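Colleague: Can you make the complete structure from the sequences, with help from the hints?
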Amino acid sequence: MSTKFVWNNPRESGAEYSTESENVEEYLETIYRITEKGGRPTTTAIAGELGVSAPSVSEMLRKLDNKGYLRYEPYGGAVLTAKGKAIGKTVLRKHRLMERFLIAIGISKNKVHNEACRLEHAVSKDLESAIKKEIGETRANSKGMVSLADMKPGQKGEVVSIDSGELAKRRLEDMGLTPGAEISVSRTAPLGGPVEIRVRGSSLAIGRGMAQKIYLKVDG
Amino acid sequence: MTKIRTKKTDSANRRASYFAGCEKPGVFSGSAKSGGPGGPGEAGTSKKLRFALAGNANVGKSVIFNYLTKLHQHIGNWPGKTVERAEGTFHFKGYEIDVIDLPGIYSISTYSIEEEVTREYIAKEKPDVLINVVDASVLERNLFLTLQLMEFEIPMVVVLNQTDMAEKKGIFIDYEELTKALGIPVIPAVAVRGTGIYEVVEETIGVCLNKRKPVKIVYGKEIENSIGKIEKMVKKDASLKGLPARWKAIKLLEEDAEVAGSMDKETVAAARKISRNIETIHDHSCPTAMACEKYAAVGNIARRVQKATIVDSPVSSRFADLLLHRIWGYPIMAGITALIFISLFSFGNFLSRLMEKHLLHFVDAFRSIAGSGVLAGTLAGFMEGMVAAVTVVVPYILPFYLILGLLEDSGYLARMAFLMDSAMHKIGLHGKAFIPMIMGFGCNVPACLGCRVMETKRERMLAIFVTSMIPCAAVTAVVLGLVAKYVSLWWAIGLYAIDLLIIFALGKIAFRVLPGESVGLIMEIPDMRVPQFRTTVREAWYKMKDFVFVAFPIIIASAVVINLMKALGMLAPLSGALYPVTVLWLGLPAVAGIAFVFGIIRKELTLIMLASLFGTAKLAAVMTPVQMLVFTLVTMLYIPCAATIAALVKETGWKKAGFITVFKIFFAILVGGIFMRILLIFM
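Those protein sequences? They're chains V and B, same order as listed. Going by this note's numbering, 13 is the number at position 13 of the first sequence; the sequence numbering is gapless. Here this note's numbering runs 220 ahead of the position in the second sequence, where the first position is 1.
Heads up, a few of these hints could be off.
[Unchecked claim] Covered stretches of chain V (in silico footprint by chain B; criterion: 3 or more residues with CB under 8 Å from a CB of chain B, positions within the stretch not fixed): (1) 159 to 173; (2) 204 to 215.
[As the list claims (entries may be wrong)] Residues from chain V that keep clear of chain B, each with C-beta distances beyond 12 Å, as calculated: (3) Tyr72; (4) Ala122; (5) Arg198.
Just so you know, these hints were derived from the structure itself, not from any lab. Bear in mind that the values here come from a model prediction, so they are computed numbers and not experimental data. Every residue, glycine too, gets a C-beta built ideally from N, C-alpha and C.
Modeller: Below is the structure:
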């Protein structure tokens with residue numbers, strides 16, 4: 001998806017640096033993430049995620065409403081506009097990319113989130129594609145991480161992380177796909193169909209879209 | 221009752237007494253009031269107990285349930301939820317035992333409606349004992365649920381089912397060792413053959429009487445510390461009474477939204493702080509860390525009790541491989557689907573026509589005798605509604621439930637979903653929706669009911685929305701009888717294409733608009749096996765009965781209302797009232813409005829009424845091709861028939877069913893009018 005919004009351009013060129021817009025990005029990202037998970041971005045939910053007080057959240061939401069990034073109803077929560085959604089989505093994408101990048105260069109997993117939160121705002125389009133080229137969009141990266149969707153029948157691997165929404169992630173974990181679990185690919189359906197794997201003695205079918213978000217360490 | 225496992229009883233002996241009991245009502249019967257040969261201590265008095273069967277999907281819970289309760293069962297819905305609730309009663313050694321068959325689940329979270337229901341039942345209605353049915357060949361994954369059930373701290377037994385299948389695969393389980401590990405009785409069984417069920421009931425009653433609770437499964441040190449800390453806080457919190465503090469603490473660590481929502485805010489915030497700490501130690505989010513811990517505990521137990529040898533893959537598994545083959549899988553599936561479709565609907569049509577012919581005869585005879593008074597009209601409407609209801613439910617619904625049950629039970633449904641997943645994604649659904657959708661071409665009613673195979677609310681809603689728009693056999697009859705006959709076959713095919721395109725587009729839009737996360741396909745592929753015919757038949761029968769209660773009143777009421785309107789002479793004013801829509805906007809003859817109204821009872825009535833209102837079967841003389849095309853397209857889209865509305869009500873509730881119905885009426889009118897204007901340019 002092309003994401004052209006005038007507002008983001010000054011920083012992309014590196015000419016200006018504004019904490020104001022960083023804050024805006026952080027909010028839009030958070031709201032987008034909550035909505036993506038299927039939750040309702042209420043003031044309390046956002047405050048909890050960002051670790052700030054509820055009154056300051058409502059103040060910020062009102063500001064964002066004025067700027068047309070979202071519609072804010074006191075007590076009802078926030079609904080992103082198309083403009084706000086585009087920014088939220090882009091920032092979240094950059095966040096996830098940075099997380100993967102940081103893991104790839106050996107940063108400890110529990111520090112990755114906070115680091116990525118800071119870095120995501122500074123990633124320009126060029127840098128984004130350069131990093132993607134380096135660690136691979138879905139291809140194996142330097143650490144041998146590969147997405148389930150790219151594995152061949154007969155291949156074995158160990159689950160490292162699941163990069164999907166919360167609901168699907170919990171479901172997969174409940175079915176036995178916890179980090180560290182050994183799996184083997186039994187077969188893949190043609191034309192972008194699902195992948196069948198064996199995990200903990202059972203057979204699971206996982207849609208290709210979801211399989212792309214499951215990362216594994218492949219031996220050999 | 222004697223203590224559990226104090227002595228090893230001679231199992232052959234027991235089985236003999238079980239079979240004896242099975243013949244004579246009394247020991248093990250669904251009908252006798254009080255016990256036969258007498259249970260130790262409790263002879264004569266009828267004490268009540270409540271058993272709840274819980275376990276993963278496809279582990280044989282329903283088989284055990286059917287074995288125990290025979291004909292004394294009731295299948296309905298959980299209040300407010302579209303999940304089956306199967307309950308039954310049986311008598312055993314002087315006990316009157318109520319059994320509830322909880323839906324098949326993989327975890328106690330709130331991923332699916334089934335999980336919500338199970339959790340609510342155990343928490344609120346507190347059965348005397350949980351019977352956890354476990355598939356012996358997938359021990360580790362099954363024990364994941366066992367562990368969570370144990371945390372409810374309710375007396376429990378584990379049934380190690382399908383041990384024969386497991387042994388064929390080279391998996392042997394030391395069930396006595398497993399009993400030690402879990403601290404609850406573990407009974408091996410082969411439910412399909414009835415082996416071990418007597419022992420299960422005996423042990424279960426024993427556990428009930430002892431009120432013996434499962435042991436505590438101990439997690440890693442830092443997790444236990446955290447649980448302990450939160451437990452202390454939780455104990456001060458009065459919310460969620462009746463649930464163990466440890467359970468609540470664990471759920472808070474799992475960041476369970478429902479539990480967190482019903483606890484004090486301070487408790488939740490404090491728990492969150494502790495879970496952050498776990499996150500730093502484990503390097504994963506706390507819910508993930510908890511799942512890891514559970515699987516680690518379960519894996520340890522499984523390794524201790526399970527001996528697996530590698531055996532050659534049997535012929536049956538090679539056959540199963542063929543069913544999923546990248547190339548051969550598809551023709552086989554197409555063949556099976558076609559066979560089901562043709563047999564279901566040719567049989568259904570045949571039976572439906574046959575019944576309709578004879579029954580409508582009866583209605584006509586009644587009409588000619590009773591005349592056209594208000595009372596007679598109402599009665600005739602009632603009878604007509606009965607006919608409509610009976611001719612849908614018996615010929616289509618019962619066989620459909622039967623076939624769907626067999627497909628599910630044999631394991632083939634999961635394989636179809638696997639093969640069709642990528643195609644179904646194009647319309648925003650996933651593989652599991654394939655069968656309901658295909659069935660929709662025959663009749664929308666079983667299609668809607670079949671959407672229960674979808675697990676999350678969002679997916680179920682989507683599937684129902686799409687399948688209820690598929691042109692059914694009755695609509696096809698109108699297309700063929702009007703457009704193919706008087707316009708051209710190409711236009712008939714064209715209309716189909718337009719309709720499918722519209723469904724495709726609306727499906728896509730609904731996929732975007734409906735709130736919630738889309739999870740796609742995450743599904744277990746069970747082993748292929750010979751389905752349990754008796755269980756499936758019984759389930760189909762009870763499900764149909766359940767549908768009858770919802771559907772009949774709606775179908776009959778709509779027929780009565782429409783016929784009453786006719787008897788009261790309200791049809792002419794009605795067609796007048798519809799004039800702006802039918803004539804001005806859609807460009808149809810005024811009588812079309814009445815035909816549409818009658819189409820609510822059955823869609824093919826639109827065509828029949830049109831002929832009877834015009835007073836001629838030669839519709840080409842009274843309608844232009846454009847009118848015919850518009851009329852047919854609107855018939856395809858405008859409203860689900862009464863039986864489908866009934867199915868929608870049953871599956872989604874009045875509000876959503878009403879919304880879908882009203883939406884479709886307006887949508888059909890809108891599309892019909894636009895279609896007419898486009899056609900007029902060319903024709």
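Colleague: So which of the earlier hints does this model not fit?
Modeller: 5
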